[in-house]
Structure formats: C-alpha cells, structure tokens
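Peer 1: Chain by chain, the residues run as shown.
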Amino acid sequence: MRVGMVGTGSMGLAHANAWLEAGVRLSGVISGHLEHAQAFAQQHHTQAFQSLQDLLEVVDVLDICAPTHLHREMTEVAALAGKHIICEKPIALSVQDARAMIEVCSSHKVRLFIAQVVRFFPQYRAAQEILKSGQLGNLGVLRLKRAGYPPSPTWFLDETKSGGMVMDLMIHDFDYALWLGGQVSRVYATSARAFHPSSNRDYALVTLGFESGAMAQIEGGWAYPKGTFRTSLDIAGSQGLIEWHSDSSSTIKNFLEPQDTDVGAVGIPSSVLTEDPYTTQIKHFKHALENETPFDVTPQDALAALEIALAARESLQSGRAVHLAGFR
Amino acid sequence: MSFAHLHAEGYIGLLRSMPDIEVVGFSDLDHARGMAMSQQYSSIRFPSHETLLEQNLDAVIVCTENATRREAVELAARAGCHILCEKPIAVTLSDALAMRDAVASAGVNFMTAFPMRFDPSIQIIRELVQAGDLGRVYGVNGINHSEIPRAHRAWFASRELAGGGAVMDHTVHLTDLYRWIFDTEILEVYAEVSNPFYPDVDVDTAGIVTFKLENGMFAGIDCSWSRPTTYPRWGHLKLEIVGERGSLEVDAFAQHLTLTSTKPSSRNPNWHGWGSDPNKAMLTEFFASIEEAREPSVTWKDGFEALRVALTCYESAGIGQPVRLENL
Numbered sequence: 001m002r003v004g005m006v007g008t009g010s011m012g013l014a015h016a017n018a019w020l021e022a023g024v025r026l027s028g029v030i031s032g033h034l035e036h037a038q039a040f041a042q043q044h045h046t047q048a049f050q051s052l053q054d055l056l057e058v059v060d061v062l063d064i065c066a067p068t069h070l071h072r073e074m075t076e077v078a079a080l081a082g083k084h085i086i087c088e089k090p091i092a093l094s095v096q097d098a099r100a101m102i103e104v105c106s107s108h109k110v111r112l113f114i115a116q117v118v119r120f121f122p123q124y125r126a127a128q129e130i131l132k133s134g135q136l137g138n139l140g141v142l143r144l145k146r147a148g149y150p151p152s153p154t155w156f157l158d159e160t161k162s163g164g165m166v167m168d169l170m171i172h173d174f175d176y177a178l179w180l181g182g183q184v185s186r187v188y189a190t191s192a193r194a195f196h197p198s199s200n201r202d203y204a205l206v207t208l209g210f211e212s213g214a215m216a217q218i219e220g221g222w223a224y225p226k227g228t229f230r231t232s233l234d235i236a237g238s239q240g241l242i243e244w245h246s247d248s249s250s251t252i253k254n255f256l257e258p259q260d261t262d263v264g265a266v267g268i269p270s271s272v273l274t275e276d277p278y279t280t281q282i283k284h285f286k287h288a289l290e291n292e293t294p295f296d297v298t299p300q301d302a303l304a305a306l307e308i309a310l311a312a313r314e315s316l317q318s319g320r321a322v323h324l325a326g327f328r
Numbered sequence: 001m002s003f004a005h006l007h008a009e010g011y012i013g014l015l016r017s018m019p020d021i022e023v024v025g026f027s028d029l030d031h032a033r034g035m036a037m038s039q040q041y042s043s044i045r046f047p048s049h050e051t052l053l054e055q056n057l058d059a060v061i062v063c064t065e066n067a068t069r070r071e072a073v074e075l076a077a078r079a080g081c082h083i084l085c086e087k088p089i090a091v092t093l094s095d096a097l098a099m100r101d102a103v104a105s106a107g108v109n110f111m112t113a114f115p116m117r118f119d120p121s122i123q124i125i126r127e128l129v130q131a132g133d134l135g136r137v138y139g140v141n142g143i144n145h146s147e148i149p150r151a152h153r154a155w156f157a158s159r160e161l162a163g164g165g166a167v168m169d170h171t172v173h174l175t176d177l178y179r180w181i182f183d184t185e186i187l188e189v190y191a192e193v194s195n196p197f198y199p200d201v202d203v204d205t206a207g208i209v210t211f212k213l214e215n216g217m218f219a220g221i222d223c224s225w226s227r228p229t230t231y232p233r234w235g236h237l238k239l240e241i242v243g244e245r246g247s248l249e250v251d252a253f254a255q256h257l258t259l260t261s262t263k264p265s266s267r268n269p270n271w272h273g274w275g276s277d278p279n280k281a282m283l284t285e286f287f288a289s290i291e292e293a294r295e296p297s298v299t300w301k302d303g304f305e306a307l308r309v310a311l312t313c314y315e316s317a318g319i320g321q322p323v324r325l326e327n328l
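So the protein sequences, as listed, match chains A and B. Following the numbering used here, the numbering of the first sequence begins with 1 at its first residue and continues without gaps. Following the numbering used here, the numbering of the second sequence begins with 1 at its first residue and continues without gaps.
Among the hints, a few may not be true.
Said to hold, decoys possible - Straight line, CA to CA, 27 Å or less: simulated DSSO-like cross-link-like pairs of lysine-lysine:
hint: 1; chain 1: B; residue 1: 301; chain 2: B; residue 2: 280
hint: 2; chain 1: A; residue 1: 253; chain 2: B; residue 2: 238
hint: 3; chain 1: A; residue 1: 161; chain 2: A; residue 2: 226
hint: 4; chain 1: A; residue 1: 161; chain 2: A; residue 2: 145
hint: 5; chain 1: A; residue 1: 283; chain 2: A; residue 2: 109
hint: 6; chain 1: B; residue 1: 238; chain 2: A; residue 2: 226
hint: 7; chain 1: A; residue 1: 145; chain 2: B; residue 2: 238
hint: 8; chain 1: B; residue 1: 280; chain 2: B; residue 2: 238
What the hints assert, rightly or not - Derived, one-sided and incomplete: chain A residues facing chain B with beta-carbon distance under 8 Å:
hint: 9; residue: 143
hint: 10; residue: 195
hint: 11; residue: 209
hint: 12; residue: 238
Everything labelled a hint here was simulated from the structure, so no lab data went into it. Computed from a prediction, not measured in an experiment: that's the story for all the values here. For glycine and all other residues, C-beta sits at the position ideal for the given N, C-alpha and C.
The shape of chain A in the complex, shown without the other chains:
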C-alpha cells in the first residue's frame, strides 16, 4: 500500500508512526511549509513533495492530517485522482463541506475514513461493548470529559480553521456519545469563550438529550496548564455503572526530580499499551481497504458528530437549546 501524508504536526507524526507499525513506509509527504516536509521526510525515510498533485502521483492512499478547513478541498483533489482517503477529525467545518466530501468519494469510487480515534482507545471500546452487551441495562446518564491545554499551533485557535475547542476537541466525545446513546434530540452548550472571546483558553459544558430519554454531559477544555491532559468516562445504566478516569489508570507514575521537560504542542491522552490506539486505527483502515470490509466508523458517523458540534456552537451563540428536528 502506497501512502502519502499531508501534514507534519502532532497528528501527522502519530499517523506516521502508526503506518510504520502497520508495516507501511510512507511514499511521500507534503506540508504547508516545504522545510517541515523535508525534515519530516528525513526523519521518516520518505520523500518531501512540493504539491499535493505531485504526491498523488506516487500513492494509492492519502492521509490528511492538515487543518480542518483544508479537508474538503484536499479530499476532492484526492478523490478525483482516484485515491482512498483517511482524514483527521472533524470531517469538516460545515455540513455542506462534509456532504460534498462524502459525495465526491462515493462518485469516484474511493473510500473515505474519518479518524475518530477515540473509538479505538481500548477503554472506550471495552466500555461500549459492555453497554451494548446489556450488562448495564438501559443507558441513563453518560458523563464524558476531555480537557487539556491550549494548543500552540495557531490554526487551532482560529475558529475559521479549526472550529475552536468545541469542534476540534469535543467532537471525539460527541462521536462516542452518539455511538453509545443513539439519536440526540436536544443540544445545549455553555462555554468560557462565549463570554471571553479573546482568551486562548476555553472550557465548555454540553448537554445532550437523547431520544431514548438518556442524557449526557460532555465537558471539554483547553483549560489546564501546559502538559496536563485529562479524560474520563462515566456510563450509568439501569443495571450497572462504568467509571474510568485517566487520573487513576496510569501504569507508571513519575516522581523524578523535574528537568526541562518537553511538552507536546498539542495535548494527546496517553496510555502505556503494546499497541497505541493510532496504530489500531491505521491497521483497521488498512485491513478494511485490503479486504473491502466496512469501516467501524463511517463518514456518516463523522457527519453526525459534526452536526452535534455545530448544534453546540449554535446553542453557544443563541443561548438556547437546539432541537435537532428543526436544525440544519
């Protein structure tokens, strides 16, 4: 499988390592800055290209780890060239763009996979399997938390490029909530940035009301000091409960004298695993392509998560709950 990488940021690196683990050496890379692509190419024993067109000539699959506002255009170019696509989340910044991406891939007979990686985190997957097996009874209250520090690459902080914290970070838990809870009727959101638009920090609470009568509270933040990233899930059903918190599941704790520590530019949750979730995700994508089997996360799933994120943003602006029957 010949794979081309777009983007050399945190996700580009995570995907490149995952491809290596999956036995694939990247066929090439591009970046918004040629020197970044060259450095990345050297590090990953691949070739830097000047343009997307040049890269597409040597690959079967394009891996898009570029800022979100570029997803649609890159997907369209790749689909027209007949390349399969794996693209970072969120799928796009608007329903219109997401639909266009899905349609162009469908009409050019290429496959599109949106990297909603949380579905490949073992604790999230195991919790979903326990709920689906019926061990918890019916879902009642779902609590999800994902909070880190403001990312340093500037495009994240530009809402016209990333959609902001609610779109970029909370999309993970919107997708997970939909996976567990099904159809959502209502979305209500409050956030720090809605009150303090000039701040890089953000913190938000989003409440979902499901058609089933279940409810979810999703908490997201770029709110902590640099280096802190915390996630948790709490799934309460009529017959049982699952709790998990990143605070209490680290297998290694570090009480060494502090040195100048290297903090990543973008907060990413970490668990010590034989196979990291990005690798599990890439292997799943590769396997599904090679065997023509379905993806565990469909572009429609990614679109549904985007719709929740957009409803949350609409709620932040209006101060009202968004009832999804009349939304879009």
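Position chain B relative to chain A; hints supplied.
Peer 2: Same frame as chain A, now just chain B:
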C-alpha cells in the same frame, strides 16, 4: 421533629456530644419508626409535634418529609422555637414564603441545613477563589450523584412527599455552594430531567443541570441517582472550578478507607469515611447564632433560592429550553 429525614440519626448523636445541649426528645408521626428510633437512640418519642413543642424547647431540628416541613416550621415558630430546617426547605415557593412569615412574626431564627458550607475543603476552595487564585473564573462543574435513597427512606422517591426526585434532592447542595463560593445568584437554568433508572418510582432519577450565573460564569450539576445501590458509598460531592490560571478540583468525600470483606455485604468494598463531619460545625453555628442573638450564617433566603432553582429545573425540562429566574 421527625426521623423522616435520615440526617436526624446523625444529628442526635452529634447533639449528645455537645456539652451545653440537652436532647429533650423527638416527635414522629410514624408510629413504627418512632418506636424503633426511640429504642435505638434511647430518646423519648412524642407522638405529635404539638406534644413535643409543649416541652419548653429552645430549638428544634425539622427533619420531616420535604412536603410536611411547612407545617412543622409553623408549629415550631408559634411555640417560640429556633429552627434548623432540612433541605429542600419545602416543595413549593408558597410554602417556603409562609415559613418565612411564620418565623418572622415569631422572631425566631431559621437556618437552612446546608452542611457542605461547613466542610473544611469547601471552605478552603472558597477562600482560594475569593482571593483570586484562579484569576478570572470561567465555570464550575459539580457532581452530586448518588444511589437512590429509598432504601433509607421510601418517601425520597415519592412525588407527594418529596415534591420530586433526584433534582429536588441533589441540586440544592451545589446550588447553595455556587451561590456561596462565588458570591453570586443563579440567572438562568437549563435542565435535562428524566427517569431512566427506576421505572417503578413516580419521580425523576436523573438530571443534568446547567446554570448561567449573574457574575458571568456558568455552572453544571449532575444530580442523578445514578450510582448503583451496591456502590462502595452513597455517592459523591465533587466540583471543579476552571479559570484563567487552570483549575481547582475538590472531592469533598475523598477521605475514606477502602474496606473489603469476605463476608457478604451490599457494599463490598465499602468506602469508610474518616474526614471531618461538617454537620457538627453546622450545628455549632446554629446554636451560636441563638446564643449571640444574631442571624445564622445560612438563612431562609439561602434555602429559598436553592428551592427556587430546583423548581426552575423542572420548568426548563418541561419546555426544553433555558428558563431565566425572575428577579424577586
């Protein structure tokens, strides 16, 4: 007055440990419970509130069901007794207002039993917030979820006697703490409320509540009865406050031993608390306010505002939109 509220069992032990306090006895309209409690606590049971109030008492603690507090408070005020009243202080605003009038015309003290204001960790958090340690505060998210309390007292899950379920039972504590810690009032309420956990009760068992506060912050509360009855303890009270410097988190009941037994038990392991009992400090303040002939630090107004917010949660859930509290 009454052992209907299970806190009465804690109070009687604490009262007896206070050197200047004499426990004269208690009233309980429930014959069986009254007899049992009389035996268990070696205390004189009076079959009616009136007969208890004939004993020349200085003060009473009202531990009746939520819906019967007004009657008890009116009788006690008429008898010239100072009153410590369980929360929520009533189930309707008109009852609460009638209680205020009865207390005012009798010239007795009325304190709402919000023990968490006397919790040492909560007090430290309040001091840190008020000293500006967080910088500008954006929001707070609190958890006061628990098991369904009906195993202790069935009326907690009865609409007629409790006036509601999880929202009535558990929004009031955190609502009061938010008003107190941040020195502000609740401006607007949005709530998801339903009964996903116990179809055999006629009250809500789950609630996710979001407030906008007058000071520009927002606040969340999970008040659900979402912990299984086999959970290692009744539940939790936690809150995380997020501001421009990061976050402060308090887990008020983190001080516990984990006890695991080979004997069958409904809680195994069992979290055995060893922290300071805030009820003792609350009772001390109640008696000090009487001694010093001043208003207690927690007032009728505090109980009234918390009740008003709980009732507004139901209103919001009914219409699926946020509801602004009227300026009284």
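Peer 1: Hint by hint, note whether the structure agrees.
Peer 2: Here's how the hints hold up against the structure:
no.	hint	in the structure
1	B:301 / B:280	holds (22 Å)
2	A:253 / B:238	holds (24 Å)
3	A:161 / A:226	holds (22 Å)
4	A:161 / A:145	holds (23 Å)
5	A:283 / A:109	holds (21 Å)
6	B:238 / A:226	holds (24 Å)
7	A:145 / B:238	holds (14 Å)
8	B:280 / B:238	holds (20 Å)
9	143	holds (6 Å)
10	195	holds (6 Å)
11	209	holds (5 Å)
12	238	holds (5 Å)
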